[in-house]
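Respectively, the protein sequence lines represent chains A and B. Using the numbering used here, the letters of the first sequence map in sequence onto residues -2 to 312. Using the numbering used here, the letters of the second sequence map in sequence onto residues 5 to 369.
Just so you know, the hints here were simulated from the structure itself, not pulled from any lab data. Think of the CB as a built atom: it goes at the ideal place given N, C-alpha and C, for glycine as much as any other residue. Watch out, some of these pointers could steer you wrong.
Every beta carbon over 10 Å from chain B, so not counted as near; a handful from chain A, in silico [what the hints assert, rightly or not]:
1. D39
2. S76
3. C106
4. E108
5. G121
6. P123
7. D125
8. T173
9. R194
10. P214
11. T220
12. A243
13. V246
14. R293
In the DSBU-like style, the derived pairs of lysine-lysine whose C-alpha atoms are separated by at most 30 Å in a straight line are [stated by the list, open to error]:
15. A:K(-1) - B:K361
16. B:K152 - A:K(-1)
17. A:K(-1) - B:K286
Residues of chain A clear of chain B, computed beta-carbon distances all greater than 10 Å [as the list claims (entries may be wrong)]:
18. M(-2)
19. Q187
20. G196
21. I311
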Amino acid sequence: MKRGLISWDHGELPPADLDARLRVLHARMAEHDVPVAVVYTDVWRSNDVRYLSNFMPYWNRAFAVVPRGEKPILLCSLSPRVYPWIRSVTTHETILPSPSLPVQLVKLCGERGWSSVGIVDLMGLPNDLYTQLRAQPLAIVDLPRSTLRSAATATEVAMHRRAAQLARAALKDGLTRNSGSLTDFQLAGQLERRMRRAGAEDVVLLVSDGTTVPLPPRGVRVTEHSSVCVSVEYNGHWAKLARNLAGVVSPLAVAASDTVHLETLSGAGGWAGYRDHEIATGSVVALQVEIEQGGRRLYFGETGLTRPGGDLEIL
Amino acid sequence: MLNPIRHRQFLELMTERGWDLLIFCGDPWRKDHFRCLVNVNFSGPLGIAVLARSGEVQAVVTDPWDIDPVAAAINGSVTLAYDPAEGLRSLLTRERAAVVAINGMEHMEARLVSAVTEAVGTSPVSATVDIEEIRRVKTPDELEWIRKAADLADRGYQHFVSVCEAGVAEFELVAEVEAFVKTQGAEDNFMLVASGGTEVTGMKPPTARRFMPGDSVTTELTPQVNGYYAQICRTLVIGEPSAPQREAYTIFAEAQQAAQDLLRPGVDIADVARVQNDVFRKRGYGDYTGPQYTRVRGHNLGLYPDELPHVLENVHYLCKPDMIVIAHPNTYLPLSGYMVFGDTLQVTATGCVSLNKTDRKLFQA
C-alpha cells in the first residue's frame, strides 16, 4: 500500500511536461471526436492518472475527467479535508466530491452538455463502474491506453532512473555477506528503511533462499544462495531489480531465453504487470533472470529502456 | 494455504445458492477477495481461484513466481496466463452453462467478467455480499493471526513514540515504523499520519513536514500478519500538551470507552457509533461528528483493513461473536485539530476485549 512520501518536485516533474501530456490527450480526443475523456485510478491501477496529473489515490478510487481543451477535473470520494493536500501535489484545481463516481460523472455530463464520453481502457474499469456507466444514456467510446501514453518521455525515464538508483544503492549497501546472519524479515526491514528514508513511495520485496522463486519474506534465514528482488516506486515511477548474495550477474536482453520475468513499467501497454502485449521500443521494462548455479536458483535483474533491436539501456 | 473452514463454508453457500462454480478474484489492492479462500500473498497483478462443487480448487495467476506457492496451497492445477481474460476463458471452457458466482465481481475488471460470461454462456452473479457475511465472523486461526497483528501494532506504536521528536520529518518517521514492523514479520502495513495544530483536518500519506514543539502527531497504524490486519490509533504531542489538547483527549478517550462498553453480540453497530457521537454532543462538539470532519467511527478488520460494516449511525448490523471491530472516534476538533484514538476489539460471547495493550493516554515526545 502507498504510505511513503508522495510529493511533487516541479524541478523533477516540470508542470510543462504535464501540460504537454494533456495536450496530447486533447489532440487524441479530437481524433476520436469525444468532448471529454475519463481516466480511472485506484490504489493499484494508479499509473495513468498519475501520468496525467500526478494524483495518487493512497486510498479509494477516482476518475480524472478531461474536457477537451481544459484541465482535468478530479472526481473522488476521498474527504474534502484532504483536498488541500491533493491540490499541493497535483495539477487538479477542481475536485468534486463523488461518493458515486458514475453518478457524479453523469451529473457533470448533464451540466456540460456532453452526450458522449471517451473512457481510457473501458473494459479495464471495475465491473461495478462499467455496469453503472453502461446503463446511462451516454454514448461511450473506448479509448485505448495508447491514447494517453506512448513511448516514455525523458522526464519519465529520469524518474525511473532515480527509482532504479535508489533500489541499487539500497541493495549495494544492504545486501552483503553479513546479511547471512539475518532472517528475510530483518533483511527486508533494513532495505525498506533505506529506501523509504531516501524518499521511496512504495516498496515491495521478495526473497529467494536459493531453493524457491522470490517470495514475500516468511521468516527464513538468509543464506549465501539468497537473492532479493526489490520493486520500488519513486514519485509514481517504478523500478525493479534483483541481486544475489553470491554476486552473480547476467547479461540482460528482452528476448533472451533465460528471462523469467518481464514487466512493462512505462509505455502504452496493458496495466502494469500484464504481459499481454508486445514490448515497444522506448518502453521502460524490468527484466529478471534466473541463474542456475550448483543446483541453486539465483536471481539477477534490472530496469532499463528498450532500444531498437531489443537491446536494453540499464537505467 | 487453503483456509479449511472457509472452504467448507463456501461449499455450503454454493449448495444453498445453487452455484456450480465460485470464483475468487483478487488484485494487489483487494487481495482479500482471493486470500479468504487461498491465503497466499501473491506477487503478480491478479490471483484467481475457481472453486467447484466437488471441492476442487483451480487457479489462474499472472506472474510466474506465483505458480509454486499457489499450487502448494490448493493442491490443484495452476494456470499461468499473461492475459488473464484468456486464462479464465481457457479454464472455464469445460463449464458451459454453469451457474457461476464471483467474489469481488464489483472490483474485477469488466473484461474479466466478460470473459467468464463468454466462456460459460451466462452472466455470473456476485457472491461478494454473501462471502463478506461469512468472513465477518473470524475463525480461530484467523483470530490468532489478528492477535499477532495487534501485538505488532502495539510494538510498532512503541517504536513510533521512540522515534518521534522535533525535527524528524513525517516520511522519515513512517520509514522507521515501516522498517520496524517489517523486521518483526509484517507483510504490509496501512498507515496514515498528520502533524501540526488546529489547522490539521485529517490524516494522509506522510509529507516532508518536520515536527515542531506543540505539534499533535496522529497515526493509524495497521500492520498485516499472514494476511490479517489489526489497527491502533493514538495521538502524541511533541513537548508538553496544551490544556485544549488534554481536554480534547479526554473526549476521545471517553467516546472510545463508551463504544467498548457497549459492544457485544446483538448490539446494532449504529449504536456503537451513536454512543461515541453522544460524548461529543454532550461536550458541545456534536457538529464535529459528521462527514465534514470525519469519515467513520470505526470499521471491521480482517484480510482487508477497512471491512464492512462501517461504524456509523446510519448503518445497521447486529454484532456477532468473533467479529473484529476497531472503534475510533477520530475527528477534527477546534480544541486540538484532528485527533485519533482507537483499539482493535474482538466481540466475545458477552462483550468485547481489546486486543491492543498500549497505554490509553495522550502520548508525549
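- [ ] Find the hints from earlier in the document that the structure breaks and name them by number, from lowest to highest.
- [x] Hint check: 1, 2, 5, 6, 7, 9, 10, 17, 18, 19 and 20 fail, others pass.
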